[in-house]
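First to last, the protein sequences are chains A and B. The working numbering puts the first residue of the first sequence at 46, with every later residue one more than the last. The working numbering puts the first residue of the second sequence at 46, with every later residue one more than the last.
The set of hints was computed from the structure by calculation and includes no laboratory data.
Listing some non-contacts, in silico: residues in chain B with all C-beta distances to chain A over 10 Å:
1) Tyr192
2) Lys341
3) Glu342
4) Ala350
Distance ranges between label pairs, derived from CB positions:
5) A/Thr226 <-> B/Asn326: 52 to 58 Å
6) A/Gly131 <-> B/Asn326: 44 to 50 Å
7) B/Ala84 <-> A/Glu228: 52 to 58 Å
8) A/Lys382 <-> B/Arg205: 50 to 56 Å
Below, computed lysine to aspartate or glutamate pairings styled on EDC-like, alpha-carbon distance capped at 20 Å:
9) B/Lys207 <-> B/Asp161
10) B/Lys67 <-> A/Glu117
11) A/Lys90 <-> B/Glu102
12) B/Lys67 <-> A/Glu295
13) B/Lys389 <-> B/Asp379
14) A/Lys67 <-> B/Glu117
15) A/Lys67 <-> B/Glu295
16) B/Lys67 <-> A/Glu296
17) A/Lys67 <-> B/Glu296
18) B/Lys90 <-> A/Glu91
19) B/Lys129 <-> B/Asp330
Each residue gets a CB set at the ideal place from its N, CA and C atoms; glycine is no exception.
There are 2 protein chains.
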Amino acid sequence: MNIQWANGVSGMDNPAVNDVLKIIQRNDIISFAGGLPSARSFPIKELAAAFHSTLLEEGAAALQYGVANGYEPLRSWVAERLQKQGIDCKPGNIIITNGSQQVLDLACRLLVNPGDAIAVENPTYLAAIQVFKGAQANILPVPVDAYGMNIDELAKVLQREKPKFIYVNPTFQNPTGVTMTVERRQQLAQLAAKYQVPVVEDNPYGELRYDGTPVPPIKSFPGGEWVLYAGTISKIVAPGLRIGWMAAGEEFIAKMASAKQISDVLTNSLTQRALYRYLCNHDIDNHIGTIVAQYKEQRDSMLEAMKAFFPAEVTWTIPDGGMFIWATLPENIDTTKLLPEAIKEKVAFVPGAPFYSDDTGQSHNTMRLNFSNSTPDMIYEGMERLGRLLKAHVR
Amino acid sequence: MNIQWANGVSGMDNPAVNDVLKIIQRNDIISFAGGLPSARSFPIKELAAAFHSTLLEEGAAALQYGVANGYEPLRSWVAERLQKQGIDCKPGNIIITNGSQQVLDLACRLLVNPGDAIAVENPTYLAAIQVFKGAQANILPVPVDAYGMNIDELAKVLQREKPKFIYVNPTFQNPTGVTMTVERRQQLAQLAAKYQVPVVEDNPYGELRYDGTPVPPIKSFPGGEWVLYAGTISKIVAPGLRIGWMAAGEEFIAKMASAKQISDVLTNSLTQRALYRYLCNHDIDNHIGTIVAQYKEQRDSMLEAMKAFFPAEVTWTIPDGGMFIWATLPENIDTTKLLPEAIKEKVAFVPGAPFYSDDTGQSHNTMRLNFSNSTPDMIYEGMERLGRLLKAHVR
Chain A
46 MNIQWANGVS GMDNPAVNDV LKIIQRNDII SFAGGLPSAR SFPIKELAAA FHSTLLEEGA
106 AALQYGVANG YEPLRSWVAE RLQKQGIDCK PGNIIITNGS QQVLDLACRL LVNPGDAIAV
166 ENPTYLAAIQ VFKGAQANIL PVPVDAYGMN IDELAKVLQR EKPKFIYVNP TFQNPTGVTM
226 TVERRQQLAQ LAAKYQVPVV EDNPYGELRY DGTPVPPIKS FPGGEWVLYA GTISKIVAPG
286 LRIGWMAAGE EFIAKMASAK QISDVLTNSL TQRALYRYLC NHDIDNHIGT IVAQYKEQRD
346 SMLEAMKAFF PAEVTWTIPD GGMFIWATLP ENIDTTKLLP EAIKEKVAFV PGAPFYSDDT
406 GQSHNTMRLN FSNSTPDMIY EGMERLGRLL KAHVR
Chain B
46 MNIQWANGVS GMDNPAVNDV LKIIQRNDII SFAGGLPSAR SFPIKELAAA FHSTLLEEGA
106 AALQYGVANG YEPLRSWVAE RLQKQGIDCK PGNIIITNGS QQVLDLACRL LVNPGDAIAV
166 ENPTYLAAIQ VFKGAQANIL PVPVDAYGMN IDELAKVLQR EKPKFIYVNP TFQNPTGVTM
226 TVERRQQLAQ LAAKYQVPVV EDNPYGELRY DGTPVPPIKS FPGGEWVLYA GTISKIVAPG
286 LRIGWMAAGE EFIAKMASAK QISDVLTNSL TQRALYRYLC NHDIDNHIGT IVAQYKEQRD
346 SMLEAMKAFF PAEVTWTIPD GGMFIWATLP ENIDTTKLLP EAIKEKVAFV PGAPFYSDDT
406 GQSHNTMRLN FSNSTPDMIY EGMERLGRLL KAHVR
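Just chain A, same shape as in the assembly (with noise of 0.2 Å):
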């Protein structure tokens, strides 16, 4: 069987990433290599009998089609979130999908043609390059430092090209864990606007801030019209629901509805409403809390461990919050051919290399390393493991 593949085929897989999630389904490895959030902050049991009581009350609707863009009193409920974090919307700027990775495929079909181009932050979330690659975007990748995306940078890539949208993950980024200042948010939603080039914020991690002051959305800043926001309630409830949203104005709703109907038809009716049946019934800034809490002990663990067994020559970030720090080795160390080795010793993360779009900047010599889903105690011993295989690697 010799099967003639679509163009975009080639650009879907990552051998990085399949490698990751053998990984992280064995139990001998301390493994950073994941994106998982902790199962022990799942609120189980409230779950259950949001699921038992909507079943036995409203089951015939839940078990029932439903309207493509989303539960009405969900899309409310994510309306009025979004509204206090100073984003101006009403139910009918609210679609509900898969989680926030269905936002990225969407937004992909909707606005993107082949050879369109996309512009990124280098580095950037793998699997939003890979949609990428999919919908045979090019892509345009605009350095991040300490700040967020280099907004000069972006601006010189506006001169230049008209990207069909620009993809940001402004809070506690993935993979590098820094956080978009409140100054380079409001030049991005201007730029937007001025160039009238969308912008597909996403934002999975920022309820989750383990220090400093909440910065605003860039969907709150003016040009934020111009913004699909996307989020998701798969690392502050949990991500096996697969609920997750993007905020729009209402003709790019009504478009992503079309589009959500012909690739799936609804998400999970059921889990729309026993999820919204929890939220009305608990105080999710109050489990939101527990969550954060336990976090912030693990990040500062791992921030501790990397102090204490990490060679001098290593350097990283300090995130405020999320559920990634980023090292930087010496130049002479590429973390995709030291993974082995790490995997030898026990101990698991992902090299760098499939976050950038590209081979510029620091591809090679970086390490993404999750904190959220280990206990102190793992996280030293892993920590103190590959302390010991860079000190052994570094000249």
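The hints should help you fit chain B onto chain A, whose structure is shown.
Quick look at chain B alone, frame taken from chain A:
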């Protein structure tokens, strides 16, 4: 805000479908327009127990991320069930999707470049036309008669064109209700292998048989390795759970998993596990038997009422199963124009036009009538209203 949409977007939307969706939400109309299963058949209590025990006994795993191709025990269950229907497959040949609509979408993404051809039954499932148009495919219509897709006509198409795949809904077809004969299935599988063109066999209704003997899937015949088989629990358990699957060769499953990964990471883990638990703890064939008994009565009521109330000039299919009857009216009646009048009389159907990928055939004077979501009383009442209207229009 002036957005430049991607080229496929204009094909995604179908105002006729949107109208239908609005109509089925109105409570004052007897609607034969939707394709909804009857909520009376949903195993609400059994699912409530399954979700509850899944969360309490394996909540941490059920709420976490999982692999893109789906929960292994559920894939095994699907593989065993398909084996009983004559399909040679193992769990590695199955991927779980958000309903079988996602199979169509991901198959397009893997196989179709803009301008590529897809051969379809004419008429065919309207949301298939939309997803194929969204992929900017060139749709090649092949006529359907009482025995399914006309295979001689398909052979002529394959002699002059090289479609990326052939899409068929061979059992109790949506919209006509007809079932492809064994002989044609055999021929179709042979043609697929001869011309090396994959077949997408979409079988959402196959388990709902009211008369006659089950017909083996196209995938079970020689040449079946070219068949991508799509199934779903939407019509035998509940559509709101959004669980479907594809059976195919391992190479295709691997590519599909990559496409799934970038589209929405994975299908709802909790629902996959709870559904599996439900399927283990209950006799699904017994449950299907209950649905079949109910729908058979409704189909019979509709056929009887059509005979009693429709003018002699109208003809219709007599489906052996599924959810739809297809009526052909005298040439002078345009069902698209008739629909607003029917709605005034508080009865609804779907006009034939959106099921046709071109303007040939009897696109204007046909209608699809759904019997799965109305009681016999409602069916009699609705058919009487519709019959009165039709009589007024027959010349």
